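K.L.:
Given next are the chains, with one letter for each unit.
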Amino acid sequence: DQQVKQNSPSLSVQEGRISILNCDYTNSMFDYFLWYKKYPAEGPTFLISISSIKDKNEDGRFTVFLNKSAKHLSLHIVPSQPGDSAVYFCAARDPQGGSEKLVFGKGTKLTVNP
Amino acid sequence: ETGVTQTPRHLVMGMTNKKSLKCEQHLGHNAMYWYKQSAKKPLELMFVYNFKEQTENNSVPSRFSPECPNSSHLFLHLHTLQPEDSALYLCASSQGSGGYTQYFGPGTRLTVL
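As you go down the protein sequences, you meet chains W and E in turn. Quick note on numbering: the first sequence equals residues 1 to 114 in the numbering used here. Quick note on numbering: the second sequence equals residues 1 to 113 in the numbering used here.
A few of these clues could be false.
What the hints assert, rightly or not - Partner residues aside, some chain W positions facing chain E, computed with beta carbon under 8 Å: (1) 49; (2) 84; (3) 87; (4) 93; (5) 102; (6) 105.
Unchecked claim - Pairs of lysine-lysine, DSS-like flavour, derived with a Cα cap of 27 Å: (7) W:106 - W:71; (8) W:5 - E:52; (9) W:109 - E:40; (10) W:101 - E:52; (11) E:19 - E:52; (12) W:101 - W:56.
Don't read these hints as lab results, they were simulated from the structure. None of the values given here were measured: they were computed from a predicted structure. Built from N, CA and C at the ideal position, the CB exists for glycine as well.
Chain W on its own, in the form it takes in the complex (with noise of 0.2 Å):
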């Protein structure tokens, strides 16, 4: 049962506008949310994080905004680079357990047509 879902598999967008990934997530104890891009043959580098306490966190041109009633976060880049293609990831810690564990979606493709 995925706790952490990312329903949209690819995303094209024109150079310049707005690209929005959706993150869906099921477990109300999740309380830290981070997004990560991730290049062909390289690991995941982080993006951004967002605590459940806030709804918006903000860096340059990423942003991330967090619904907790609905279970919901987004990040948002404005404006879209080519170089921003990559597959995006989003993952939630889970307090429980005591462990530093993060619960990772299936990742978001990213395509920036220039």
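Since chain W is already given, all that's left is putting chain E on it; use the hints.
P.N.:
Below, chain E alone, put in the same frame as chain W:
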């Protein structure tokens, strides 16, 4: 070297071979992780080590044997693997003790023949 490094980057092995994957982190972190990434699946957490102690084993078959001699090094010993074990194996580290962000190595692409 900076960040998290993994060797080898690619590995092809037969089902009767024994091999080891190595991970080293240069970030001063206290927690280290092994993940498996198979095609079209989420990253699957395999093992977690905090201050060299194993704190999580996610029902991983015994043909995968982790070793963490110190907070900077993590190994994954492999023996009698199956073809379905072919995947990308990723190592990560984090500060631990409330530092939730994990930093990943480039991964080892493993093929089991």
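K.L.:
Now tell me if each hint is right for this structure.
P.N.:
Hint by hint, here is what the structure shows:
Among the interface hints, the one on residue 49 of chain W holds; its C-beta lies about 6 Å from the nearest C-beta in chain E, closer than the 8 Å criterion. With its C-beta approaching chain E no nearer than about 18 Å, residue 84 of chain W sits outside the 8 Å limit, and its interface hint is violated. Of the supplied interface hints, the one on residue 87 of chain W is violated, with its beta-carbon coming no nearer than about 10 Å to a beta-carbon of chain E, more than 8 Å. Restraint check, residue 93 of chain W versus chain E: the minimum CB separation of about 5 Å is within 8 Å; hint holds.
The criterion of a C-beta within 8 Å of any C-beta in chain E is met by residue 102 of chain W, whose closest approach is roughly 6 Å, and the hint holds. Among the interface hints, the one on residue 105 of chain W holds; its C-beta lies about 6 Å from the nearest C-beta in chain E, closer than the 8 Å criterion. Restraint check for residue 106 of chain W and residue 71 of chain W: satisfied, since their Cα atoms lie roughly 17 Å apart, inside the 27 Å limit. The straight-line distance between the Cα atoms of residue 5 of chain W and residue 52 of chain E is roughly 32 Å, outside the 27 Å bound, and the hint therefore fails.
Only pairs whose Cα atoms come within 27 Å are accepted, and residue 109 of chain W paired with residue 40 of chain E is accepted, the gap being roughly 11 Å. With a C-alpha separation of about 16 Å, the suggested pair residue 101 of chain W and residue 52 of chain E falls inside the 27 Å cut-off, and the hint holds. Our distance criterion of 27 Å between C-alpha atoms is met by residue 19 of chain E and residue 52 of chain E, whose separation comes to about 21 Å. Restraint check: the Cα-Cα separation between residue 101 of chain W and residue 56 of chain W comes to about 22 Å, which is no more than 27 Å; the hinted pair holds.
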